[in-house]
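Going line by line, the protein sequences match chains G and A. If you're matching positions, the first sequence starts at 8 in the numbering used here and goes up one per residue. If you're matching positions, the second sequence starts at 14 in the numbering used here and goes up one per residue.
FYI, nobody ran anything at the bench for these hints, they're computed from the structure. Virtual Cβ for every residue (Gly too), placed ideally from N, Cα, C. A hint or two may mislead.
Claimed, not checked - Covered stretches of chain A, as calculated for chain G (at least 3 residues, CB under 8 Å):
(1) 15-29
(2) 121-130
(3) 245-253
(4) 290-296
To be verified - Coverage of chain G stretches by chain A, computed from C-beta distances (three or more under 8 Å per stretch; other residues unrestricted):
(5) 110-124
(6) 175-187
(7) 265-276
(8) 323-333
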Amino acid sequence: MKIHEYQAKSVLAKYGVPVPKGDVADTPERAVAIAKDLGGSVWVVKAQIHAGGRGKGGGVKLARSFDEVAQHAQAIIGMNLVTHQTGPEGKRVKNVLVEAGQDIRRELYFGIVIDRATSSPVIMASSEGGMDIEEVAAENPDAIIKETVDMAVGLMPFQARKIAYRLGLEGKQINRAVSFMQAAYRAFVDSDASLLEVNPLIVDGTGGLTALDAKMTFDDNALYRHKDIQAMRDLDEEEPSEIEASKHDLNFIKLTGTVGCMVNGAGLAMATMDIIKLAGEEPANFLDVGGGATQERVEAAFRLILSDDAVKAVLINIFGGIVRCDMIARGVIEAARNLDLDVPVVVRLEGTNAEEGLRLLNDSGLGLIPVQGLAAAAKRVAEVVKGA
Amino acid sequence: MSILVNKNSRILVQGITGSQGSFHAEHCINYGTRIVAGVTPGKGGTAVLEGQVPVYDTVSEAVQKTQADVSLIFVPPPFAADAIMEAADGGVSLIVCITEGIPTIDMIHAFNYVKKKGVRLVGPNCPGVITPGEAKIGIMPGHIHIPGRVGVVSRSGTLTYEAVGQLTALGIGQSTCVGIGGDPVIGSNFKDILSLFNDDPDTDGVIMIGEIGGTAEDEAAIWAKAHMKKPIIGFIAGQTAPPGKRMGHAGAIIAGGKGTAAEKMEIMSACGIHVVQSPADMGQKMKSILGN
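Sequences and hints are given; from them, build the entire structure.
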């Protein structure tokens, strides 16, 4: 699960990570009130959406007067912000974060992720802060410092010092960096994060380190033990069809093609998308109905697929193991009757009770198209789309 | 022969009194697997599945009383890491964890613990391990398998069934099929399982089914280039997956432009693995390679 920058900063602040003073506003008036409370002469007004690249899209502005704070807040709240991560349709901004301007002397990068190769958290840091870390990784991989953490002992001070010296920090900055990194690591582990990124991490005129930006992503499997983080979920940032899918325990991701897919199992679902592409068409979605697919879930899945107007045909690919194909067939037939089906549906059933399932489909009189074999199914659905 | 499990394996099931645990334990028994014990804290002294399987409170007691050497885990996610560690401490040599949805941080602790104890873990979030005709330790449909000499290793469940279904339809049997699981942190990786198949005199070739995300397939391919004496057929699911979207499995996500299917397929091909573009060609490719 993703959260907003202001929420990530509140999580970090709880663990003692220094963040700029500020608050979130949904009106220009509120933004000015926050700026007045903060005092000083420079403020930053930052659009709060989940996507990155907000600055380039015009969602982050510097203000040197209360009037400018109001102007920027006015312009940003309600705007449709387009960044390289939002897609061309952009994202509507509901809130801005108003923060006190900082005295920036250096911009660094700091991140924590779970490294699958070592099955451990790994700290990543770079002296090239403010840049897209993926670009740094591609162009100058040596500029990224990596330190693997042994979870049994946590991030040790010597490791943090090693990173700090390599970042070119010196004097008092070293100890400040060590406390910064250890606090961030505790926040990461305690909240079951899967990603923490501070970019940039700034060094100010007094040698202090502050998280100027913050991004956190959490392990969905661990949310059950973090009610406070669950409460930060912003449904407006998510695809409506994916929210609907999660209500039915369906794994659904909307894509841009014309062939709707319903498959059991994530790997087979991806493979089905791949073979549709090889047959010359594009998948409209990823959909895993799961191992415990019931008639009801099959119907919900069908509804989701058909709610996308771009869908010209549906491919159902089920390899029955625990899931019985006859049960899937009944679900498909029931759904097809209830939903006033207006696109062709190609069905491939394999495994447990496949023959019985195929017989049910053939006898239904609904014009469902049963096919044997994965390759044949993809070929058939491609033909159907071209004919449609 | 085979890898990991055979007809002599003695299995205990952690979480056998739950609905998943009892349902699948029964199917394993029907397949001919020797399920010798169940473990559910608080249910010790009882017996399940028509009194056939005694239940113990702890793994160590179950191992002592029944000489179980494999644990199959169906414990719910919040308690699964603890169950894995209990199994590792309790004296089994192989742990197969089916549970889906274990928090990653918990799994890192369990992974480190199991490694320290020198016990092998397969999974979590996997269909399990089957040596056709001998032992089914997991949730896969037994009837699609036939005994033979091709190994299968995969991160996915139903896509493994697809590969097995293709092999069986061509009359090619399987030595052992291993689902290693779709999570970011798993006990055994492709490399570990390929190495076991490499040393198994009764395996002639291996189908390796990967997916987007991470670099486990790349590492296995590089290892295989240097060590593998048997042909590998490879497929990577998710060639059409967009970056930044998690494709069902917690591990299946293209992050930072890394872990794409194209990248993996290129490395695997360069390392001598016979990569197929289409998931429908896995069995046929194996047939043509073994035929030569």
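**Prompt:** For the region 15-29 of chain A, does the count of residues with a C-beta closer than 8 Å to a C-beta of chain G reach 3?
**Reply:** Our answer is that it is violated, as 0 residues pass the Cβ test (under 8 Å) against chain G, missing three.
**Message:** Using a Cβ cutoff of 8 Å, are there at least 3 residues of the region 175-187 of chain G near chain A, or does the coverage claim fail?
**Reply:** violated (count 0)
**Message:** So is the region 110-124 of chain G in contact with chain A by the C-beta rule, three or more residues under 8 Å, or is the coverage claim wrong?
**Reply:** Contact hint for the region 110-124 of chain G vs chain A: holds, 3 residues under 8 Å.
**Prompt:** For the region 265-276 of chain G, does the count of residues with a C-beta closer than 8 Å to a C-beta of chain A reach 3?
**Reply:** As far as the region 265-276 of chain G goes, the hint holds, because 7 residues have Cβ atoms under 8 Å from chain A.
**Asked** If you look at each residue in the region 290-296 of chain A, do at least three have a Cβ nearer than 8 Å to any Cβ of chain G?
**Response** holds (count 5)
**Prompt:** According to a criterion of three or more residues whose C-beta lies within less than 8 Å of a C-beta of chain G, is the region 121-130 of chain A covered?
**Reply:** holds (count 4)
**Message:** Closer than 8 Å Cβ to Cβ for three or more residues is the test here. Does the region 323-333 of chain G pass it with chain A?
**Reply:** As far as the region 323-333 of chain G goes, the hint holds, because 4 residues have Cβ atoms under 8 Å from chain A.
**Prompt:** Within the region 245-253 of chain A, is the number of residues with a Cβ closer than 8 Å to a Cβ of chain G three or more?
**Reply:** Answer holds; 5 residues pass the 8 Å Cβ test.
Of the numbered hints listed earlier, those contradicted by the structure are 1, 6.
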